[in-house]
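**Q** Now for the letters of each chain:
2 protein chains.
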Amino acid sequence: MGQSSRTTVRRLPERGVYGRESINAILDEALICHVGFVDGGQPFVIPTIHVRLGDQLYLHGSRASRMLKCLSTGIPACVTVTLLDGIVVARSAFHSSMNYRSVVVLGAAREVTDATEKWTALERLVEHVIPGRWSDLRQPTENEMNATTVVAMAISEASAKVRAGPPKDDEDDYALSFWAGLIPVSLKSGQPQPDPKLPATIPVPNYVREYRCGQQGP
Amino acid sequence: MGQSSRTTVRRLPERGVYGRESINAILDEALICHVGFVDGGQPFVIPTIHVRLGDQLYLHGSRASRMLKCLSTGIPACVTVTLLDGIVVARSAFHSSMNYRSVVVLGAAREVTDATEKWTALERLVEHVIPGRWSDLRQPTENEMNATTVVAMAISEASAKVRAGPPKDDEDDYALSFWAGLIPVSLKSGQPQPDPKLPATIPVPNYVREYRCGQQGP
Chain A
562 MGQSSRTTVR
572 RLPERGVYGR
582 ESINAILDEA
592 LICHVGFVDG
602 GQPFVIPTIH
612 VRLGDQLYLH
622 GSRASRMLKC
632 LSTGIPACVT
642 VTLLDGIVVA
652 RSAFHSSMNY
662 RSVVVLGAAR
672 EVTDATEKWT
682 ALERLVEHVI
692 PGRWSDLRQP
702 TENEMNATTV
712 VAMAISEASA
722 KVRAGPPKDD
732 EDDYALSFWA
742 GLIPVSLKSG
752 QPQPDPKLPA
762 TIPVPNYVRE
772 YRCGQQGP
Chain B
562 MGQSSRTTVR
572 RLPERGVYGR
582 ESINAILDEA
592 LICHVGFVDG
602 GQPFVIPTIH
612 VRLGDQLYLH
622 GSRASRMLKC
632 LSTGIPACVT
642 VTLLDGIVVA
652 RSAFHSSMNY
662 RSVVVLGAAR
672 EVTDATEKWT
682 ALERLVEHVI
692 PGRWSDLRQP
702 TENEMNATTV
712 VAMAISEASA
722 KVRAGPPKDD
732 EDDYALSFWA
742 GLIPVSLKSG
752 QPQPDPKLPA
762 TIPVPNYVRE
772 YRCGQQGP
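Chains as they are written, first to last, in my numbering: chain A, 562 to 779; chain B, 562 to 779.
Any given hint could turn out to be false.
If several chains are the same, the list does not tell them apart, and a pair holds so long as it fits within one copy or across any two.
Restricting the straight-line Cα-Cα distance to at most 30 Å, the calculated cross-link-like pairs of lysine-lysine (DSSO-like) are [what the hints assert, rightly or not]:
1. Lys-630 to Lys-729
2. Lys-729 to Lys-679
3. Lys-729 to Lys-758
4. Lys-749 to Lys-630
Please keep in mind that the hints were generated in silico from the structure rather than gathered at the bench.
Because the structure is a prediction, the values reported are computed rather than measured.
Work out the full structure, taking the sequences as your base and the hints as a guide.
**A** Here it is in structure tokens:
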């Protein structure tokens, strides 16, 4: 597990946590990541779905995607996931903050060309977003596989950063009469909405009815 | 409002929406953004708080922050915000997707050195996260202002991308018996948690008790 100088959390080092387990848990809980890459001297940050399998992070999309074309060439990239946990209501503006868990992965991607690895990555991408869905959908055709690019990035240079707990105010500020505390925030799922074109005879499957954000696995 | 070739949504162009109002609404609703920049040839993507004021996007942080030091030099940057709205449960793996609203802003930042502009940006950053808070906290001291860097980026080259609505399956797949529809997801706030060090005599203010994600303004 690389904790290189590039991924060492420089400021507020108490917020840096580097264990592989912490990093994996954050990557696994997040529904989306933000991918950074450079094209023509301009950095781009694009949201997309990811899944972690062992020490590899997989992304996918259309073969026509600029992001995937760029990443496939093996240029330096950055994949960041962020889970918001709360708003830190400190007594001072200066110590007002957010509780969050984030992971930054640096590296170069490779295009996944092995048919088995590519199929497995797509299966796990679907299962990452909705556990239980892969065996209850129409799986990809050869044409669809050909229209899809999958890239993988080794999670070899990565760091996690976490802020948790109540505000940390200046000692003198605790005597002030402003309210202070946390407002928890989290991604929540709502009531499933059947496709208007769905026959009423098709029941909501358990994995949809019982779906909860934050219970994603790898 | 610039819709340059760099920010034109190339793939799935029906998902591209370019109006300034759509872009502003997405920037204003998002609690955090992801900032992309390059340092030493490596792209980095860092989550942070932002606020939009007119056609300017403001970011802030410690004067020691690598991100802000880099951005202050005026290098090319990218600020992306993403709001997740739902999981699109299509009949096929290929059309499985997410509903979301995202904005990509390209440009170069400048350090905000004017004292009034800097103070206003910090005030609006606090108010963006918790409307009503600025007048009910301990405002920044001169030392705190000096320890804080604020940068601004003009929202001149920006695009929004939105997916909404039910799955769009292949015509033949509508006859399949798999469930299809949407699982809505959104960021929700929970019950405020007073700081353990808060005297019980200080009541929860209305702007905290009635706090709801997604009601942020600029």
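**Q** Next, verify each hint and record whether it holds.
**A** How the hints compare with the structure:
no.	hint	verdict
1	Lys-630 to Lys-729	between (45 Å within a copy, 25 Å between copies)
2	Lys-729 to Lys-679	between (46 Å within a copy, 24 Å between copies)
3	Lys-729 to Lys-758	between (52 Å within a copy, 10 Å between copies)
4	Lys-749 to Lys-630	neither (33 Å within a copy, 35 Å between copies)
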